[in-house]
Amino acid sequence: MAKTGTVNAPGIRMDATKAVRAGEKSVPTLLLAPAMIIMTIVGLYPLLHSLYISLTNYNPTFGTSYSVIGFANYARAFGDGQFWYSVGLTLAFTAISVALSLTLAVLLALLFNQYRFGFVVLRTFLLIPMLITPIAVGITWRTMMMPDLGILNYLLSLIGVGALSWASSPASALASVILVDVWQWTPFMFIIIFAGLRSLPKSPFEAAAIDGAGHIATFMNVTLPMLKPVIVIATLLRIVDAFRTYDTVYIITRGGPDFATDLLSVYLQRVNFRIFDLGYGSALSWIALVIVLVVVLVFVNLTGFLKLVADKENR
Amino acid sequence: MANSRTFKNGASALAAYALAITAALFFAFPIFWMVSSSFKSEVDISAYPPIWSFTPTLANYAQLFTELNAWQALLNSALIVGLSTCIAMAAGTLAAYALARFDVKGKEFLAFEILSIRMLPPIVSVIPMFIIARQLGIFDTPWLLIAAYALSGLPFVVWVMRVFIQDIPQSIEEAAMIDGCSRFETFWRVTLPLLLPGLAATMVIVFMFAWNEFLLASMLTSQEAKTLPVIAANAIKPKAIAWGLASAAGVMMSLPVVILVLLMQRYLVRGLTLGAVKG
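Going down the list, the protein sequences come from chains A and B.
My numbering applies: residue 1 is where the first sequence begins, and numbers increase by one.
My numbering applies: residue 1 is where the second sequence begins, and numbers increase by one.
If we strip away everything but chain B, and leave its shape as in the complex, we get (with noise of 0.2 Å):
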C-alpha cells in the first residue's frame, strides 16, 4: 500500500517534471536563440545544421550603430516613451483620484469612454493624426508620438490607478484631514507614498506598451523621429535580410522591459487587467 502510493506521487512528480520542463523550453527557447544569434557571425548564423557553439562577436551590435542609427533611434524612444509615460501617468493619476474619491456626474460615461479607447484599433486613429500633423507640420517629429502614446496610455492608466486608489482605505486620508491636512497635503503626505508600488508598476506596463509599439511608429515618422521597433523592422529588406543584425535590435529592444517588468512582477496582474484580478 505505502509502496504503491510513493509510487504513484513520484510517477505523478515526474510527470509534472517532464510538463513544466517541456513548457518552459517551449516558451524560452526562441528567447534563447534570438540571443545566440545576435552574438554570431555573418558565417555562423547561415550554417547549416545549425551551430550550438561559437565565438561569440559583438558585430552585430557594433553595426547597430553604425548602420542602423540605432543612437538616434534609442534617444527617440526614450524621450516619446518617456514623456509620454510621464504625461499619460500625471493626467491619468489625477483624474483617477477624482473618479475614486468624489462624486463625479457622469461617471459611468467617462468609464465607458476611457474604456472605448482601450478598444480602439490603432488602424482606425492613425489615419486622422496622419492628416492632422501633416497639416500641422508635426509630422515625423517626436511630439505626434508623444502625444498618441500618451493618448493610448491614458484610460489604461485611469482605470488601474482608480483601483488602486480605492484600495487605499479613505479613513486614513480622513484621518488627516480632520489634523488640518489639506486635501492636496492629505494626498501628497498620505495617499501618495501608499500608492507608489501601484504607480510603478501601472508605469512599467505603459513603458511597455509605448516602448514596443510599431504601428503608430512606423505610419507617422520617415526619418527623424523613428523609433526602435522602426529602425528593427528596416533590418529586414525583402531580398537580403541581416539576421544577426536584426537578432541584436532585437536584443537591445527587449532588454530594458524585461528588466523593468520582471522588478515588478507581484502588481503586473493586477496592471493588466485592469485592476480586476488581484496578483
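If we strip away everything but chain A, and leave its shape as in the complex, we get (with noise of 0.2 Å):
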C-alpha cells in the first residue's frame, strides 16, 4: 500500500511509528509471538515430522516399530500407477473445473453487472452455494443424481431426455462430480469477478462507446485488460483448492466406481487411513506438495501473477 500524505512533518511519522519510540524495540517481536509459536507448533513441527515418516516404513498396524528405509518410499511412488493416475486425473479435474467455473463467473458478472430491478435478489441465490457445508452439498446432489429416483432425471425425462446415469457410471462419474465442483464454486469466482468489474473506472468504456467499439470488442480490449489481476487472484485461490477437492467427492462417489473419480486425495486418504501405510502415504503426500507447488509456480509465471501484486503494492 502507498504511503499517502507525507506531505508535513514526515519526522513525527518517523518518530511516532517505526518503533522509534523508547522502549518499543520488542514490541514487533511480542506481537509477532503468538502467530510464530503457533506456526512453529502445529505447522512446521509436523510437517517435518512428516517428511522424517516418509523415510520409514511406519505403520501402527504393524506395532510401533519401525525402521529408516531411505528413499525408498520415495522410489516406490515413482513405480506406483494408481498413484500417478491420481495426479493426473486430479489434474485433469481441476483444470476442467476451474476453467469452467471460471467461464461461467466471467459471463455471470457480466450479466448481473446491468443496473435492473430485481437483479439484487437474483445475485444473493449465486452466493449461497459455497456457503452450504460440502458434506451437504455431497448429499443433496447425490440424491438429486441417483438414476432411477433422482429428481434431475425426472426434469430431463419432463423436456423428453432419456435417464443418464451420472456418477454412478464410469463414463460421466467425472463429469458429474465436476458439475458439483462448478455449482459450489462459480459462485466464489462470481462475487470476486462481480466487485472487481463494478470498481472499475468508467472513462475507458467511455472512449470506447465513442469510438464505437461493439461488445465483444469491448470486451476484449478494455474490460478483459483490466479485470486481469482479480480473474489473477480468483483463478490462483480456485486452482489451490480444486487442486484437495475431498469431502464432495468421497460423499457423491468415494473415487468410484472403478476409479473413476479417485482423486488424489481420496487415493491419499486410502493409502493412510485404510491400510495405514503412513511411511508410503508422507512421501506421496510431499510428492503432491511439490506437485501443488509446481502448478502454482507455472501458473503464477504464466500469468506475471507476482508482477501484478508488486504493482498492487507499490501503486
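For the record, the hints were derived by calculation from the structure and aren't laboratory data.
This one's a predicted model, so the numbers in the text were calculated from it and none came from an experiment.
Here a beta-carbon is modelled for each residue, glycine too, at the ideal position from N, C-alpha and C.
For lysine-lysine, the following DSS-like pairs were computed, each having C-alpha atoms within a straight-line distance of at most 27 Å:
hint, chain 1, residue 1, chain 2, residue 2
1, B, Lys107, A, Lys25
2, A, Lys228, A, Lys202
3, A, Lys202, B, Lys8
4, B, Lys105, A, Lys25
Just a sample of chain A residues kept apart from chain B, beta carbon distances all over 10 Å, derived:
hint, residue
5, Gly63
6, Ser67
7, Phe78
8, Gln82
9, Ala95
10, Ala99
11, Leu102
12, Leu156
13, Val161
14, Ala175
15, Ala208
16, Ala217
17, Leu224
18, Asp258
19, Phe259
Since each chain sits alone in its own frame, please combine them into the complex, following the hints.
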C-alpha cells in the first residue's frame, strides 16, 4: 500500500510509528510471537515430522517399531501407477472445473453488472452454494443424481431427455463431480469478479463507446485487460482449492465407480487411513505438495502474478 | 426509429431477465431441494415421480438428535470452531498489526510462510498430526482440532487483517500518540474500533472454513470429538442411506454460515481474496 499524506512532518511519522519510540524495540517481536509459536508447533513441526516419517516404513497396524528406509518410499511412488493416475485425474479435474467456473463466472458477472430491478435479489441466490457445507452439498447432489429416483432424471424426462447415469457409471462420474464442483464454486469466482467489475473506472468504457467499439470488442480490449488482476487472484485461489477437493467426492462416489473419480486426496486417504501405510502415505503427500507448488509456480509465471501483486504494493 | 429502439431495449431486457432467472434457479434449486427433503417423511422422500407438495414433518430433525447424537456434535463444533476462531483472530491480528505498522526483519519471508500454509493441502499435515496426537494422547479430543483449525485460519487472518490495518490512515494513530496515548491505548481506543467491520468479516470467513471442514475432522476424531460434518457423513452408509436425515443434517450445518455471511456480505470479497480485491 502506498504511504500517502507525507506532506507535513515526516519526522513525526518516523518518531511516532517506526519503533523508534523508547521501549518499543521489542514490541513487534512480542506481537508476532503468538502467531509464530502456533505456526512452528502446529504447522512447521508436524510438516518436518512428516518428512521424517516419509523416510521410514512406519505402519501402526504392524506395531510401534519401524525403521528408516531412506528414499525407498519415494522410489516406490514413482512406480505406483495408481498414484500417477490419481495425479493426472486431479490435474484434469482441476483444469476443467476451474476453466468452466471461470468462464461461467465472467459471463454471470457481465450479466449482473446491469442495473435492473430485482437483480440484487437474484444475485444473492448466486452466493449461497459456496456457503453450504461441502458434505451437505455432496449429500444433496447425490440424492438428486440418483439414476432411478433422482429429481434430475425426472426433470430431464419432462423435456424428453432419457435418463442419465450421472455418478453411478464410470463414463459420466467425473463429469458429474465436476458439475457439482462448478455449481459450488462458481459463486466464489463470481462475487470476486463481479466486485472487480463494479470497481473498474468508467472513462475507458466511455472512450470505447465514443470510438464505436461493439460489445465484444469492448470486452476483449477494455474489460478483460483491466479485470486481469482480479481474475488471476480468483483463479489462483480456486486452483489451490480444487486440487485438494475431497468432501463432495468422498460423499458422492468415494473415488469410484471403477476409480473414475479417484482424486489424489481420496487415494491418499485410502493409503493412509484404510491400510495405514503412513510412511508411504507421507512420501506421497510430499510429492503431492511439490506438484501443487509446481502448478502454482507455472500459473504464477504464466500470468505474471507476482508482478501484479508488486504493482499493487507500489501503487 | 424510436419504436425499433424501444423494441430492442425490451428484447435485451427480456433476454437479461431470462438468463438471470435461469442462473438463479440453477444455483438455488439444489438448496431448495435439500431444505424440502429435510421436511419430507420417509415415504414422501422416496416417491417417484418426486412430489412437490407434501405435509412437512420435523421427524428428520428429531431423529438427528435421537439417532445421530447431534447435540454432542453441535457442542463439539461450537467449542472447536469458536475457540480456534478466537485464537486465530487474536494471534493473527496482533501479527498483522506488527507487519502493517513496524519494520520487521524478514517480512517477505514471513509473508511467504504465511501464504504457503494457505497452499498446503490438509492431506499433507493430517498424517503427522495423527501420529503426534496418538503419542500425546490427544487423539479424538477437541484440543487437536482446535489447534489444527487455529493453524489453518491463522495465515488467512494475518494476511487479510494486514490489509485492513493498512487501510486505516497512520496519521490517525500518530495524532493519538502525539496527544499522549501509549501504543497500546492507541490500538485499543483508536485502531480497534475502526477495525471492527474488517475483524467481523474476517472472523466470519475463518468461522465458515472451520465449521465446514471435514477431512481433518473425520481423520482426527473417532467418537468423542466428532463435529457436525462428520456425523452428517455418517448418515450415508453404503447400503441404506437415510436421505431425509442427511438432508436435515445438511440444513442444520449450513444455516449458521449462510446467515452470518449474508449479514457480512459487504466485506466478503475483500476477505476471500486475502484483501486483494475491494468489494
